[in-house]
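Based on the hints, put chain B in the right spot on chain A.
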Amino acid sequence: MGADNGDRRKVPGTRRGSFVRWLRACALRLAGMFRKQQRDLEFAAEMESHLQMHIEDNLRSGMSTDEARRTALTRLGGVEPAKELYRERRSCARNSCRAEGAGCGTCRRAAHGHAAGPRFDCNRSRDRTRSRPGHDTSHCRRTVRSEARRPCDTALGHPINSVGGKHGLLDSRAPCYAR
Amino acid sequence: MGNKKDVWQGTLALMVLKTLDTLGPLHGYGIARRIEQTSGDLLAVNYGTLYPALLKLEQEGYIRSEWGVSDNNRKAKYYKLTRAGRKQLEREAREWEQTTAIVARFLAPGEEVS
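Heads up: the protein sequence lines correspond to chains A and B, in order. Just so we're aligned, residue 22 is where the first sequence starts under my numbering, counting upward by one. Just so we're aligned, residue 51 is where the second sequence starts under my numbering, counting upward by one.
Certain hints may be false.
[Said to hold, decoys possible] The calculated DMTMM-like cross-link candidates involving lysine to aspartate or glutamate, where the alpha carbons are at most 20 Å apart (straight line), are:
(1) B:K127 / A:E105
(2) B:K127 / A:E63
(3) B:K125 / A:D78
[What the hints assert, rightly or not] Ranges of calculated distance between the beta carbons of each label pair, as one might list FRET restraints:
(4) B:T149 / A:S82: 33 to 39 Å
(5) B:Q148 / A:K57: 40 to 46 Å
(6) B:S89 / A:W43: 28 to 34 Å
(7) B:R124 / A:S82: 37 to 43 Å
(8) A:R42 / B:T88: 23 to 29 Å
(9) A:L51 / B:I152: 34 to 40 Å
(10) B:P159 / A:E77: 31 to 37 Å
(11) A:K57 / B:K54: 32 to 38 Å
(12) B:I152 / A:E77: 40 to 46 Å
(13) A:Q58 / B:T132: 25 to 31 Å
(14) B:L92 / A:F55: 39 to 45 Å
Rather than coming from a laboratory, the hints here were simulated on the basis of the structure. Note that CB positions come from ideal geometry on N, CA and C, so glycine has one too.
Here chain A stands alone, though its shape is the one from the complex (with noise of 0.2 Å):
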């Protein structure tokens, strides 16, 4: 089974195209290193415009102003750290190296150290790689730091197992240390 004979017709049922879309995406994340400010401001929109829906459907239910807010800024999860993640999926950052399941060794322990406890030490896991000739492990610590920053609903527990699917981590949800 699965020997080749030569045979150059398409496996029965690899998707075609997907990875034409593969190479769209990177494309349009590589795109995304650019105009950054822009489209900063355009999702500071887009968020503002969900908070302002959110918070109306919560005074409508009867909320208080304030506990309107709080309480659509507390599934949101924060603005800051949902622009962090989006900003991740949308530029070519190192970090995100991770978000496509191929992360470098140390940046991979990173994100499971960091959901292992706070008491991770990062620099520690840079010192054993730091032989490796060419190999810049600053990404590592930006991965520790991004992660302390995400909603706490959603920092990775086993980011490369959550990673392996078809949609990534974005829908993960496990337990945050970094509080």
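Here is chain B on its own, set in the frame of chain A:
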């Protein structure tokens, strides 16, 4: 809120695509609320992670977005299913049905798996 379940891993995109297929163009908040309502308010969508999910779908060409005006006269970004998105929805729905059918066979009481 306390006993609401999180959206299961890998199913948010399917729910988003299905929602857009059913209701047509919709903004992020509308999509999230619709998903929660369809689940009978048993699921809680994490709004902070919904937008990166929408962006991912857009980057893959399954949805398209454009600014519009909501019912309350508020500027909002509307998401719309593309043809590729509709095909993806069919594919994902099929895969999901297969998966649940397989699990159901394991859970069926007293049935021998031949």
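Okay, the hints, checked on the actual structure:
For the hint linking K127 (chain B) to E105 (chain A), the alpha-carbon distance of about 19 Å falls within 20 Å, and the restraint holds. A C-alpha spacing of about 9 Å is found between K127 (chain B) and E63 (chain A), which places the hinted pair at or below 20 Å, so the restraint holds. Straight-line distance between C-alpha atoms of K125 (chain B) and D78 (chain A) comes to about 16 Å, which keeps the hinted pair within the 20 Å bound. The hint said 33 to 39 Å for the Cβ distance between T149 (chain B) and S82 (chain A), and at roughly 36 Å that hint holds.
One distance hint, 40 to 46 Å for the beta-carbon pair Q148 (chain B) and K57 (chain A), holds here, with the actual separation near 41 Å. Roughly 30 Å separates the CB atoms of S89 (chain B) and W43 (chain A), a value that falls within the hinted 28 to 34 Å. The hint said 37 to 43 Å for the Cβ distance between R124 (chain B) and S82 (chain A), and at roughly 18 Å that hint is violated. The supplied range of 23 to 29 Å is met by R42 (chain A) and T88 (chain B), whose beta-carbon atoms lie about 27 Å from each other.
Range check, L51 (chain A) to I152 (chain B): Cβ separation about 38 Å, and the 34 to 40 Å hint holds. Taking the beta carbon of each, P159 (chain B) and E77 (chain A) are about 48 Å apart, not inside 31 to 37 Å as hinted. A hinted range of 32 to 38 Å for the beta carbons of K57 (chain A) and K54 (chain B) is consistent with their spacing of about 35 Å. Taking 40 to 46 Å as the suggested C-beta distance range, the pair I152 (chain B) and E77 (chain A) conforms, at roughly 43 Å.
A hinted range of 25 to 31 Å holds for the C-beta pair Q58 (chain A) and T132 (chain B), which are about 28 Å apart. About 42 Å separates the C-beta atoms of L92 (chain B) and F55 (chain A), a value consistent with the hinted range of 39 to 45 Å.
In the structure shown, a violation is registered for the earlier hints numbered 7, 10, in ascending order.
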